[in-house]
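Q: Below are the chains, spelled out letter by letter.
Number of protein chains: 4
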Amino acid sequence: MITVWNEYRHERRSEQVAKIYPEGMHNLLAQVLKTAGYHVQTATLDEPEHGLTQDVLNKTDVLLWWGHTAHNEVSDEVVERVCQRVLQGMGLVVLHSGHFSKPFKKLMGTTCNLKWRGAGEKERLWVVEPSHPITRGIPEYFELPQEEMYGERFDIPKPDEVVFISWFPGGEVFRSGCTFTRGLGKIFYFAPGHETYPTYHDPIVQKVIVNAVAWAEPSGGPAPTFGNFQPLEAGLTK
Amino acid sequence: MITVWNEYRHERRSEQVAKIYPEGMHNLLAQVLKTAGYHVQTATLDEPEHGLTQDVLNKTDVLLWWGHTAHNEVSDEVVERVCQRVLQGMGLVVLHSGHFSKPFKKLMGTTCNLKWRGAGEKERLWVVEPSHPITRGIPEYFELPQEEMYGERFDIPKPDEVVFISWFPGGEVFRSGCTFTRGLGKIFYFAPGHETYPTYHDPIVQKVIVNAVAWAEPSGGPAPTFGNFQPLEAGLTK
Amino acid sequence: MITVWNEYRHERRSEQVAKIYPEGMHNLLAQVLKTAGYHVQTATLDEPEHGLTQDVLNKTDVLLWWGHTAHNEVSDEVVERVCQRVLQGMGLVVLHSGHFSKPFKKLMGTTCNLKWRGAGEKERLWVVEPSHPITRGIPEYFELPQEEMYGERFDIPKPDEVVFISWFPGGEVFRSGCTFTRGLGKIFYFAPGHETYPTYHDPIVQKVIVNAVAWAEPSGGPAPTFGNFQPLEAGLTK
Amino acid sequence: MITVWNEYRHERRSEQVAKIYPEGMHNLLAQVLKTAGYHVQTATLDEPEHGLTQDVLNKTDVLLWWGHTAHNEVSDEVVERVCQRVLQGMGLVVLHSGHFSKPFKKLMGTTCNLKWRGAGEKERLWVVEPSHPITRGIPEYFELPQEEMYGERFDIPKPDEVVFISWFPGGEVFRSGCTFTRGLGKIFYFAPGHETYPTYHDPIVQKVIVNAVAWAEPSGGPAPTFGNFQPLEAGLTK
Chain A
75 MITVWNEYRH ERRSEQVAKI YPEGMHNLLA QVLKTAGYHV QTATLDEPEH GLTQDVLNKT
135 DVLLWWGHTA HNEVSDEVVE RVCQRVLQGM GLVVLHSGHF SKPFKKLMGT TCNLKWRGAG
195 EKERLWVVEP SHPITRGIPE YFELPQEEMY GERFDIPKPD EVVFISWFPG GEVFRSGCTF
255 TRGLGKIFYF APGHETYPTY HDPIVQKVIV NAVAWAEPSG GPAPTFGNFQ PLEAGLTK
Chain B
75 MITVWNEYRH ERRSEQVAKI YPEGMHNLLA QVLKTAGYHV QTATLDEPEH GLTQDVLNKT
135 DVLLWWGHTA HNEVSDEVVE RVCQRVLQGM GLVVLHSGHF SKPFKKLMGT TCNLKWRGAG
195 EKERLWVVEP SHPITRGIPE YFELPQEEMY GERFDIPKPD EVVFISWFPG GEVFRSGCTF
255 TRGLGKIFYF APGHETYPTY HDPIVQKVIV NAVAWAEPSG GPAPTFGNFQ PLEAGLTK
Chain C
75 MITVWNEYRH ERRSEQVAKI YPEGMHNLLA QVLKTAGYHV QTATLDEPEH GLTQDVLNKT
135 DVLLWWGHTA HNEVSDEVVE RVCQRVLQGM GLVVLHSGHF SKPFKKLMGT TCNLKWRGAG
195 EKERLWVVEP SHPITRGIPE YFELPQEEMY GERFDIPKPD EVVFISWFPG GEVFRSGCTF
255 TRGLGKIFYF APGHETYPTY HDPIVQKVIV NAVAWAEPSG GPAPTFGNFQ PLEAGLTK
Chain D
75 MITVWNEYRH ERRSEQVAKI YPEGMHNLLA QVLKTAGYHV QTATLDEPEH GLTQDVLNKT
135 DVLLWWGHTA HNEVSDEVVE RVCQRVLQGM GLVVLHSGHF SKPFKKLMGT TCNLKWRGAG
195 EKERLWVVEP SHPITRGIPE YFELPQEEMY GERFDIPKPD EVVFISWFPG GEVFRSGCTF
255 TRGLGKIFYF APGHETYPTY HDPIVQKVIV NAVAWAEPSG GPAPTFGNFQ PLEAGLTK
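Chains as they are written, first to last, in my numbering: chain A, 75 to 312; chain B, 75 to 312; chain C, 75 to 312; chain D, 75 to 312.
Excised from the complex, chain A in its bound form (with noise of 0.2 Å):
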């Protein structure tokens, strides 16, 4: 089961935003996701629970979140859940604002802090590891011809995969597809995807995060286990 959990307050509050997602981003990358063969549902921050309930987490194998002027009103019991969650071994797959979330910075232990500017530019992004999985069926660069500037320095550690590094017009560069593990679960942050743009919209953009959750997906791994250990080799510890 995937989970796409939005803010979910622009898209209620703005014209503009609600012109270009009527039903909440997180209904339209449902959608894509259902197209792309998954199991999908929704949850959003006005829920009770804001929609993550244990009961939820524990069936979800994906989730993605997005989120930008509410971070704060997520409740800490929440974060700590879907952290826990991700250590377990559930995938995260965190788009645009969500840099800045209760989750990510949790699981990043930095600041994730960034430059930015909303000017609507052109964003290019340049695949610079097509030997990965979430590469499958993108071209060597795409571009959305409107976005919210990202710019380095991106406080993260470092990523063990930059899939994208993106090229803006103002002079600025950023890692903008990174992968990291936490525990057993996987993260990709994915950095395009500004509300008062259509980037969601975008193809391309929709391909990255059906491959995203695709590569994901908890791998099946042994859950360790912790604590006092037994000697294996019996008569080798005197």
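Mixed in with the good hints, there may be bad ones.
Intra- or inter-copy, both count: the list cannot distinguish identical chains.
The list that follows gives simulated cross-link-like pairs (lysine-lysine, DSS-like), each with its CA atoms no further than 25 Å apart [unchecked claim]:
id, residue 1, residue 2
1, K232, K180
2, K179, K232
3, K108, K133
4, K108, K281
It should be emphasised that the hints constitute simulated quantities derived from the structure, not laboratory data.
Got chain A sorted already, so can you dock chains B, C and D onto it with the hints?
A: Just chains B, C and D, lined up with the frame of chain A:
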């Protein structure tokens, strides 16, 4: 298509090895991969062009490589061909003494040297990166009752991921499951598999190899263009 | 300035530990670092603000951290202060049971859990990354006759570098020397150092710690600016 | 001892280049490094053994390499010698078009290909890893008014660290400062330095190179032993 390459000398020259792998390691591994649903072919050193014609390699998604006593008999032309295909996206699973094979050394750029001891000791492999798909269905640790000891320092570039670390009773450790990327190709080195022990009959070892093949399949990412490149932003470059 | 922080409880409560470290581990380590030419101060849990006032931290280039029984007594305010200073460039050397300290867990974003056994077993540490400056003057492997076993899976993010891997006679392995970066700060985790064994009297262990402090010193790199950013290329962003 | 190696052809054949580097790039860089306190010697392609005898290399702590038009004239024997010394711990700083030099390609195991354009465009280099000592004293970004464009995809193995990413007005990005380790040796690739622009006169570029040399110096770590190895734990291996 998966191609299992084997030097196929020990099995024909040593009764001890022939008892363990009467049809050669390659045919056992091919059978394991067929059972897992793959199309599989085999190739061996003493075939013309070592069985690795350009056509065979072009159709190969993942190549498995086992060699030991005759690394130097592998022609440089075939080695170059294999390496080029890896850079183009073919996966490569290098087994045991293949650490000293020409393709692996060429792709690593280091000596790939290590410590070794042929004393039939127990090897215990610990999963250290359970988020990795190669660990799907693998227990937290597993043991091979008899293996050749391979010990650190293993002279390889920093792996992308260290998936397994081995323990040996004589006092050594070894990064026994390591991933790398070169060009568009994914490479997995897996240490167990000395010819005088029935390692490739072990169901967990078989599962690791099946998982590794799935992981190493071509990403489907974009083949980059290189060379002289016209500006994408006309008029910006004065 | 180097600051050695110690919980300093075992040494005052246990005769066994007091015999090994009559003036506390912190004073022994401070002496080692002074001999190596550093300016060193110490700080302990039971001092006001645990001895880690903002002023002390601001002047600290590298902080060493040893804690075990009282992680929860470290105030969140001081933890936050320590983490902020790491992000600003202060080095952090986390010793032994400090894997469970609040600052380390916060900077890692994972549980930092592991296997352990207090049986006074031999620990053998293998250098696996001899290109790293922390290995200067260290032999290929070295042994501690008695240590606490720490075993994999160690639930940390993929380290930047795995410098040491430990072998234990009971059958375990452990990534016992790992580097990380968070913000501008460099972090080294070093596993040996159980309070009931004279580990920090060992000259090789001392050399590792001196090397780690040298490596972890602030890089002198640029403090990034964040937030709303004007285009550097005027006229390009229309 | 630092050895600056230069192809030294452009400076002798092109008036334009000779005006910028009247005594050759190697002598300028040697002067910069001497001023920084290093013992420095130079070597060039047309000297016997390209100036890189075994004795010269044995005494070299860090080798700088600039080559462009005559990569194929470098003898394989000298290339092998250089690579062996890197594996033994000699640092290697590869400059600009040295991305296509034989030693760099051999140590990387990939094509090291890239996009390029000789249009005298501005290059802006962003520090993305300010924790790295190579960024000491370097501003958050710096610009070269005229450089050759080098653009992604840069076909190198995943670098240990991406220290700089470059922006070009034509729409490209490039990982222009990358570190690698091979054996005991540390390698830094630094992209700027086309012969027709006065790049190595730039004080920030000079500082990067001085920092890189300091970083690349031999670690002093242990030279590993390889081959047949007796068990350290007698009696445990039955």
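Q: Is the C-alpha distance from K179 to K232 at most 25 Å within one copy, between copies, in both cases, or in neither?
A: Answer is both; intra-copy 14 Å and inter-copy 17 Å each pass.
Q: Please sort K108 with K281 into within, between, both or neither, judging by C-alpha distance up to 25 Å.
A: within (13 Å within a copy, 31 Å between copies)
Q: At most 25 Å between alpha carbons: which applies to K108 and K133, within, between, both or neither?
A: Classified as within: same-chain Cα gap 17 Å, cross-chain 32 Å, threshold 25 Å.
Q: At most 25 Å between C-alpha atoms: does K232 with K180 qualify within a copy, between copies, both, or neither?
A: Both, since 15 Å and 16 Å are each at most 25 Å.
In summary, the structure agrees with every hint in the numbered list given earlier.
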